[in-house]
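Undergrad: Produce the complete structure using the sequences and hints provided.
For reference, the chains in residue letters:
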Amino acid sequence: MDFDFTDEQNMVRDGISRLIREEYDFDTRRGVIESESGWRPELWAQLAELGMLAAPFSEEDGGFGGATEAMIIMEEFGKGLAVEPFIPSVVCAGGALKHGGNATQREEYIGGLISGEMVFAFAYAEPRGRYDLANLETTAKADGSDYILNGHKAVVIGAPWATHLVVTARTSGGQSDKDGVSLFIVAKDAQGVSTRDYATVDGRRASEVYFENVKVSGDALIGEADNGLPLIEKVVDEATAAVCAEAIGAMKVTNETTVEYSRQRKQFGTPIGSFQVLQHRMADMLMEYEQSVSMCYLATIKLDEDDATRKKNVSAAKVRIGQAARFIGQSAIQTHGGMGMTDELAVGSYFKRLSIIEGEFGSVDHHMRRHIALTAG
Amino acid sequence: MNLEFTEEEKAFRAEVRDFIDNNYPKDIGTRGVQDEMSREDMLAWHKILGKKGWSVPAWPTEYGGTGWTPTQRYIWGEENARKNTVMPLPFGVSMVGPVIYTFGNEEQKAEHLPGIRSGDVWWCQGYSEPGAGSDLASLKTTAVRDGDDYIINGQKTWTTLAQHADWGFFLCRTDSDAPKPQMGISFILVDMNTPGIEVRPIKLIDGGYEVNEVWLTDVRVPATNLIGEENKGWTYAKFLLAHERSGIAGVARSKRGVEQLKEIAAAELLDGKPLIEDMGFAQKISQLEIDLSALEITELRTLAGEQAGKGPGPESSLLKVKGTEIQQRLTELTLEAVGHYGTPDFRSFPDDGSNDFPIGPDYAHHAAPTYFNMRKTSIYGGSNEIQRNIITKMILGL
Numbered sequence: 002m003d004f005d006f007t008d009e010q011n012m013v014r015d016g017i018s019r020l021i022r023e024e025y026d027f028d029t030r031r032g033v034i035e036s037e038s039g040w041r042p043e044l045w046a047q048l049a050e051l052g053m054l055a056a057p058f059s060e061e062d063g064g065f066g067g068a069t070e071a072m073i074i075m076e077e078f079g080k081g082l083a084v085e086p087f088i089p090s091v092v093c094a095g096g097a098l099k100h101g102g103n104a105t106q107r108e109e110y111i112g113g114l115i116s117g118e119m120v121f122a123f124a125y126a127e128p129r130g131r132y133d134l135a136n137l138e139t140t141a142k143a144d145g146s147d148y149i150l151n152g153h154k155a156v157v158i159g160a161p162w163a164t165h166l167v168v169t170a171r172t173s174g175g176q177s178d179k180d181g182v183s184l185f186i187v188a189k190d191a192q193g194v195s196t197r198d199y200a201t202v203d204g205r206r207a208s209e210v211y212f213e214n215v216k217v218s219g220d221a222l223i224g225e226a227d228n229g230l231p232l233i234e235k236v237v238d239e240a241t242a243a244v245c246a247e248a249i250g251a252m253k254v255t256n257e258t259t260v261e262y263s264r265q266r267k268q269f270g271t272p273i274g275s276f277q278v279l280q281h282r283m284a285d286m287l288m289e290y291e292q293s294v295s296m297c298y299l300a301t302i303k304l305d306e307d308d309a310t311r312k313k314n315v316s317a318a319k320v321r322i323g324q325a326a327r328f329i330g331q332s333a334i335q336t337h338g339g340m341g342m343t344d345e346l347a348v349g350s351y352f353k354r355l356s357i358i359e360g361e362f363g364s365v366d367h368h369m370r371r372h373i374a375l376t377a378g
Numbered sequence: 134m135n136l137e138f139t140e141e142e143k144a145f146r147a148e149v150r151d152f153i154d155n156n157y158p159k160d161i162g163t164r165g166v167q168d169e170m171s172r173e174d175m176l177a178w179h180k181i182l183g184k185k186g187w188s189v190p191a192w193p194t195e196y197g198g199t200g201w202t203p204t205q206r207y208i209w210g211e212e213n214a215r216k217n218t219v220m221p222l223p224f225g226v227s228m229v230g231p232v233i234y235t236f237g238n239e240e241q242k243a244e245h246l247p248g249i250r251s252g253d254v255w256w257c258q259g260y261s262e263p264g265a266g267s268d269l270a271s272l273k274t275t276a277v278r279d280g281d282d283y284i285i286n287g288q289k290t291w292t293t294l295a296q297h298a299d300w301g302f303f304l305c306r307t308d309s310d311a312p313k314p315q316m317g318i319s320f321i322l323v324d325m326n327t328p329g330i331e332v333r334p335i336k337l338i339d340g341g342y343e344v345n346e347v348w349l350t351d352v353r354v355p356a357t358n359l360i361g362e363e364n365k366g367w368t369y370a371k372f373l374l375a376h377e378r379s380g381i382a383g384v385a386r387s388k389r390g391v392e393q394l395k396e397i398a399a400a401e402l403l404d405g406k407p408l409i410e411d412m413g414f415a416q417k418i419s420q421l422e423i424d425l426s427a428l429e430i431t432e433l434r435t436l437a438g439e440q441a442g443k444g445p446g447p448e449s450s451l452l453k454v455k456g457t458e459i460q461q462r463l464t465e466l467t468l469e470a471v472g473h474y475g476t477p478d479f480r481s482f483p484d485d486g487s488n489d490f491p492i493g494p495d496y497a498h499h500a501a502p503t504y505f506n507m508r509k510t511s512i513y514g515g516s517n518e519i520q521r522n523i524i525t526k527m528i529l530g531l
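For the protein sequence lines, the chains are A and B, in the order given.
Just so we're aligned, residue 2 is where the first sequence starts under our numbering, counting upward by one.
Just so we're aligned, residue 134 is where the second sequence starts under our numbering, counting upward by one.
Hints are computed from structural coordinates only; laboratory data are not their basis.
Keep in mind that a hint or two might mislead.
[Unchecked claim] In silico DSS-like links for lysine-lysine, alpha-carbon gap of 27 Å or less:
id : chain 1 : residue 1 : chain 2 : residue 2
1  : B       : K365      : A       : K267
2  : A       : K267      : B       : K336
3  : B       : K216      : B       : K526
4  : B       : K526      : A       : K267
TA: Structural data, given as structure tokens:
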């Protein structure tokens with residue numbers, strides 16, 4: 002049994018932690034999310050230079066690690082509420098490529114991703130599909146050796162910054178069939194791709210992405226035609242584990258901020274942290290955080306096991322962390338009182354990010370249902 | 134024990150429903166997020182009710198009240214919630230109005246009550262300060278007597294919709310040497326156009342601006358604006374807070390909220406079927422409805438007590454705690470129900486004058502900001518921790 006990180010992993014943490022500390026204080030972040038582009042391409046280039054974008058890839062793909070490295074990076078992202086698209090580009094698109102891409106695709110796209118020249122978004126959600134990854138109205142019809150894509154992808158995080166999209170589409174079968182799902186790489190400037198860009202309530206950017214008779218060559222297919230669902234599920238599970246890591250980073254700072262506030266804020270002539278009702282709340286926040294860390298580790302460790310084990314543990318983690326995210330976020334605002342409601346303090350931004358993480362890659366209810374399906378009977 | 138409404142009460146319901154249906158202006162928006170509504174829209178229904186004589190139902194008839202029983206007032210609230218009307222704001226009607234007719238002198242009543250009834254004068258509440266929230270009695274804003282005037286200096290905060298206010302009622306310290314902090318406070322009416330007042334908007338986590346800081350620098354106010362006696366303001370403030378809490382359960386509005394949630398859950402799909410047919414989600418909605426019916430009966434029991442002559446007591450704390458928990462739960466479930474489309478920030482779309490959200494279903498676009506915004510309800514009006522302290526002290530006697 003060993004919960005230690007390797008020296009290399011500790012170096013990744015030191016590097017990313019320093020970068021976030023130096024580059025992501027709250028005022029800087031506010032400036033970034035209110036800027037026209039909403040992110041910092043130069044910070045992305047810096048992440049590439051530091052090797053962070055290569056961290057979850059194998060040596061043969063030009064990287065040096067795996068899921069644990071992604072976890073460490075996202076935990077530090079969570080502490081600073083960094084908005085850059087590590088999960089969409091590196092974890093989701095990178096995951097699809099490393100698990101499903103052929104040698105040519107890996108060389109071209111993972112190479113471009115690691116260098117920072119290509120930025121990816123993961124277009125998997127649809128307006129009416131909720132969290133069902135196979136419920137797809139977007140279609141890709143074979144046309145000789147090409148495919149023609151039509152459809153609408155919803156709330157594609159990071160799409161305004163992307164050069165490329167990884168897109169899930171139905172190549173055969175009925176709307177929710179498990180078979181008949183495929184995965185494609187599409188350049189965002191391909192003819193027939195249009196986007197409607199917007200900000201999100203937690204400070205990121207996203208797009209609605211529309212495909213109208215978008216023609217891609219057969220080389221754009223990642224993995225096997227019609228059999229993309231297992232690959233998509235694996236990628237989304239890895240992304241779920243990564244967003245769990247982001248959550249624990251955000252929870253840690255939220256808890257520390259709340260305890261500190263309760264020391265400073267005085268009412269009735271004494272720091273409010275001396276009131277037992279608030280002490281117990283903060284003790285609960287700490288326990289929720291520690292349970293979340295455990296579940297994040299568990300999910301990350303199990304990512305490379307068989308599908309059923311991976312799914313069960315990722316869902317367990319997302320259930321627990323979704324619940325903790327809500328409790329911690331709400332408790333932090335409550336303990337801060339009126340000040341917690343203002344845009345001025347950082348705690349509100351942590352609360353908002355934690356609130357959206359609750360539903361990202363599947364809500365508590367969704368993962369509870371999946372956990373039941375995998376464990377009952 | 135009888136929960137049936139009487140024939141008179143049923144007739145009353147028909148009458149007010151008819152009036153609302155025929156007179157509620159069709160062109161004003163709903164108050165999902167307050168700062169999006171114009172001042173005129175927020176006052177429109179108030180002004181119509183003022184003309185009808187129904188804007189201040191709870192007031193004594195001599196001051197313009199309707200003489201309705203508590204049950205009739207309850208029906209009135211329900212019917213307005215059914216139509217989702219923008220009701221008269223509480224600051225004049227439910228807060229300072231009752232203080233003025235209870236503790237004010239004849240000149241003050243004559244000067245201020247008509248404007249509150251008609252909706253022509255907008256009031257705001259100057260209570261909380263940066264250092265005085267839950268511990269309101271520690272407030273530091275001072276009013277110093279200077280001839281026929283008071284000179285007010287200090288800073289108030291969380292002043293709701295002060296950006297529109299014509300008048301404000303302020304708690305000020307008039308005796309710093311009083312043996313207890315509660316004993317040196319006075320209740321003073323302030324014309325918000327007086328020189329030395331600066332209203333600074335506070336941006337909240339939902340992106341809106343519904344509360345403000347109010348800075349007062351050498352604000353000169355006639356001493357005739359003092360309500361009641363100097364240094365007795367805490368008594369009036371507590372009287373007002375009890376009034377504030379009695380309406381805070383929000384049962385009728387939450388009922389409507391549950392209906393809206395059900396509509397959303399019927400429109401959203403899970404595995405190709407309406408979300409509302411999912412046992413897990415259906416259970417959550419039922420739990421909420423059950424909690425809400427308990428609260429409704431509890432409120433009716435309180436009303437019955439009031440009808441029998443008992444004023445709102447510490448049990449109003451129960452209504453506040455449970456009412457706000459239900460309001461917040463509604464917003465949680467709504468955000469869960471809308472799925473992916475809870476994430477876009479509707480404020481980031483250019484205002485093209487249309488009320489339609491350019492992406493996703495219309496019901497989704499306020500889900501997250503409303504969830505964020507409603508966290509305030511367990512903080513304002515005496516935080517829910519303070520309410521539990523009141524219950525512990527006043528009811529349990531601990």
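Undergrad: Determine for every hint whether it applies to the structure shown.
TA: Do the hints match the structure? See the list:
no.	hint	in the structure
1	K365/B to K267/A	holds, 25 Å
2	K267/A to K336/B	holds, 23 Å
3	K216/B to K526/B	violated, 39 Å
4	K526/B to K267/A	holds, 22 Å
In summary, the one numbered hint that this structure violates is 3.
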